[in-house]
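Whenever a hint applies, use it, and build me the whole structure from the sequences.
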Amino acid sequence: MAKHTFIAYVEDVPGVLNRIASLFRRRNFNIDSLTVGRTEQPGVSRMTVVVEATDAGARIVEANLYKLVNVLRVDDLTHKSALMRELGLVKVKVTPQSRSEVLQLVDVFRARVVDVDELILVIEVTGTPEKISKFELVLRPYGITEIVRTGVVAMARGHELISSAPPTVRTEGGHGHDDSGVSMSV
Amino acid sequence: MKLTGAEIIWECLAKEGVDVVFGYPGGAILPTYDAMTKYPQIHHVLVRHEQGATHMADGYARASGKVGVAIATSGPGATNMVTGIATAMMDSSPIVCITGQVGSKAIGTDAFQETDVTGVTLPVTKHNYLVTKPGDIARAIREAFYIAKSGRPGPVLVDITKDAQQLTAEFDWEAAAPRLPGYRPSYHAPASEFARAAELINSAKRPLILAGQGILKSGTTAEVLKLAKTAGIPITTTLLGIGAIPASSEYNLGMMGMHGEAWVNVAIQEADLLIALGMRFDDRVTGNLKTYAVNAKKIHVDIDPTEINKNVPVDCALIGDLREVLALIQPQIKKATHEEWWALINAERGDAAVRDIQSLPDSGNLYAAHVINDLWRLTQKRDTIVVTDVGQHQMWEAQYFRHEKPRSLITSGGLGTMGFALPAAIGAKFACPEKDVWVVVGDGGFQMTSCELATAEQEGIKVNVAIINNSFLGMVRQWQEFFYDKRYAATPMTGPDFVKLAEAYRLKGLRCNKRSDVKTTVEQTLAAKGTVVIDFVVEKEDTVFPMVPAGAALDKMIRRPKQDVMLESGSDKDWEMPVPPAIAPAAEAPAKVAVVTKAKVTKPVAKKAAAPVAKAKKTSRR
Chain L
620 MAKHTFIAYV EDVPGVLNRI ASLFRRRNFN IDSLTVGRTE QPGVSRMTVV
670 VEATDAGARI VEANLYKLVN VLRVDDLTHK SALMRELGLV KVKVTPQSRS
720 EVLQLVDVFR ARVVDVDELI LVIEVTGTPE KISKFELVLR PYGITEIVRT
770 GVVAMARGHE LISSAPPTVR TEGGHGHDDS GVSMSV
Chain A
-14 MKLTGAEIIW ECLAKEGVDV VFGYPGGAIL PTYDAMTKYP QIHHVLVRHE
36 QGATHMADGY ARASGKVGVA IATSGPGATN MVTGIATAMM DSSPIVCITG
86 QVGSKAIGTD AFQETDVTGV TLPVTKHNYL VTKPGDIARA IREAFYIAKS
136 GRPGPVLVDI TKDAQQLTAE FDWEAAAPRL PGYRPSYHAP ASEFARAAEL
186 INSAKRPLIL AGQGILKSGT TAEVLKLAKT AGIPITTTLL GIGAIPASSE
236 YNLGMMGMHG EAWVNVAIQE ADLLIALGMR FDDRVTGNLK TYAVNAKKIH
286 VDIDPTEINK NVPVDCALIG DLREVLALIQ PQIKKATHEE WWALINAERG
336 DAAVRDIQSL PDSGNLYAAH VINDLWRLTQ KRDTIVVTDV GQHQMWEAQY
386 FRHEKPRSLI TSGGLGTMGF ALPAAIGAKF ACPEKDVWVV VGDGGFQMTS
436 CELATAEQEG IKVNVAIINN SFLGMVRQWQ EFFYDKRYAA TPMTGPDFVK
486 LAEAYRLKGL RCNKRSDVKT TVEQTLAAKG TVVIDFVVEK EDTVFPMVPA
536 GAALDKMIRR PKQDVMLESG SDKDWEMPVP PAIAPAAEAP AKVAVVTKAK
586 VTKPVAKKAA APVAKAKKTS RR
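As you go down the protein sequences, you meet chains L and A in turn. Under this note's numbering, think of the first position of the first sequence as 620, with each following residue one higher. Under this note's numbering, think of the first position of the second sequence as -14, with each following residue one higher.
Take the hints with a grain of salt, since some may be wrong.
Quick partial rundown of chain A residues pointing at chain L, CB under 10 Å, derived from the structure [as the list claims (entries may be wrong)]:
(1) L107
(2) H112
(3) N113
(4) L115
(5) L165
(6) P166
(7) S171
(8) A174
(9) N294
(10) F530
Keep in mind the hints are simulated off the structure, nothing from the lab. Ideal Cβ positions, reconstructed from N, Cα and C, are used throughout, including at glycine.
And the structure:
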């Protein structure tokens, strides 16, 4: 079992997130993280799905994703050179004594302080999921009161453009029920 | 042309070539029912329960190959459809279900009879739609039909709000053409895979074709037989593949799987190459996957990529339409006869544990197998569709009724839906009014949807219902017998007087509890005008043999106990055992493999001499 990262281009229609989520539940796969957002093409959303699966299981996930009528294109980035990024906001307790230590760590992790008061720092950190986990680990002794992570977004590096053959979209507007639904984001 | 949404629904159905719909009205679908009166070319069948509507649409689709249509209202009407939709999903049957939904403004308010139907049916449909505007209806219905019948067929549901049915919109059929950029109904395997498959077939010593329902869906009976003849490959079918290959074909070994022919399961385990055509390695077919055909390479031909390597890892996958695949592979196949392989199979085949029931003793009690086998013998000159339910009778039908034609058996395989048979048969009769339609159903399953007798009566159609009545939930009882120490928890079952029940519905009811009466009962049924219900009162605790226990290796079958090897009964001698018509020239026959031959019939007689004393005891076994 290993983590597999899939990019799915989907039609931006109501219920599509439900279809994807339902598929994973139905086929007994665990979603590690799932993020959704708009793309450079109107009417197309892009999902990054990370699942724990064997290689054979990953092939089954991919085939099942393709089987969904609203799914335009699927890419498995697991064995490709890819950029993986996640954003985390960490709320950590500080004292006048510990504040500078924490700020040093923020520096080391190239994170940013986005909110300060006398007892609390809110830190924004981006990077691979592993980096954010590590950041969380080193801050824990100071007292983390709250943490939120976005889940990973991924993109192939350089020429491994997964959107090299951009998915086709419905062109005529106004007819489909896609215009009736709000665009879906996270 | 401005039309109401309701009118657009009927326009679309008419344009899709729909001649009959099965449905049940209710508040949220009323505008559509009101508009129905303007479309007399489409016949509406009023069902008695929405589950029945979906099974009828399913039976119609399976008998005709066309798309079946079911209509229901919101909330309970739609949720009643779920079982039928799931049945169609598991057996890849193309149906379109149209449901009413509460007004679009009321969605999400827990309005009267509101249910999130697209949510509920999401995992059991191939795709579904929620339509809230009249202008979107035409495209949703066109796409629904297209999705339902293309690629691997399946059910599609279109949920239409009441206001969308009431409001008007421009109806433009052309503009509503499907636009489905993410839908891929067909794939084409690369040439290299074909070369590999051909190489595997040409080098195999003990090849075996596993024939599934995909052959029926693609209509490739002749092509598969051609492949089998060219390369001398025996064929075995799945339950849903029955009829895809004529039972009388010398290449057809019979059904595989949990209650399949013993020699078939042995052959699967002995084979060095399995060629799976339009089947999906269901657990009822494979038994324990760890021990399944370990010596065999596997070629899997399927139109659905998600089936490849799902249960059984394969060596070569040909994803695509079976017709296309067979056309491409056939020229690369070398002639072969595989005489040693056939000899091996035929040696096993003499061990006819399944067929022995053809000569069950005439104990005074009727055996289900008698009924089914006699039914086959009495109807084989007629064009017959048999629709079975789920349970022991379903397996006996598969074993003792010999299907020669595609689409002559309709049964709920994947989902195993009790209550399927009667409504599905009504649907099949609407698809094929010129054919005899027989329902073979247990007393349990029949009671689940027996209300549809009223539908048959109201429509004035003729389906012949053979209830195999053993006063037990027989298959469950059999499992309790084998695996739960005969603790028959909740399996003994009473029922109404089925003859009187039929009469209450103003139908003819017959009862038969002696083998000698089967013939006249069937003849009376065929001669009667409308739907007939026959109560075949059979042996209570009979068992389906052979049986592969769930999770066991495929060749570890529970066989009919030795003392039960049946003797030829008096009444069996009255029957002229028909020799099945040879569909292939005898010269091409790789070996003598016709199942029912004189030699076979006389075989049990030899055993009679060996154990003559046992006869009396045996007849009172239960």
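So, going through the hints one by one against the coordinates:
For L107 (chain A), the interface hint holds, since its Cβ comes within 10 Å of a Cβ in chain L; the closest pair sits about 5 Å apart. With a cut of 10 Å, the hint placing H112 (chain A) at the interface with chain L holds, because the nearest CB-to-CB distance is about 5 Å. Against a cut-off of 10 Å between C-beta atoms, the interface hint on N113 (chain A) holds, since the closest Cβ of chain L lies about 9 Å away. Here the hint on L115 (chain A) is kept, as its CB sits about 7 Å from the closest CB of chain L, short of 10 Å.
For L165 (chain A), the interface hint holds, since its Cβ comes within 10 Å of a Cβ in chain L; the closest pair sits about 6 Å apart. The interface hint given for P166 (chain A) holds, since its Cβ lies 5 Å from the closest Cβ of chain L, which is under the 10 Å cut-off. Proximity of S171 (chain A) to chain L is violated relative to the hint, the smallest CB-CB distance being about 13 Å (cut-off 10 Å). Among the interface hints, the one on A174 (chain A) is violated; its C-beta lies about 14 Å from the nearest C-beta in chain L, farther than the 10 Å criterion.
Taking 10 Å as the C-beta cut-off, the interface hint given for N294 (chain A) holds, the closest approach to chain L being about 6 Å. Look at F530 (chain A): its Cβ only gets to about 34 Å from chain L, farther than 10 Å, so that hint breaks.
Checked against the numbered hints listed earlier, the structure breaks hints 7, 8 and 10; every other hint is satisfied.
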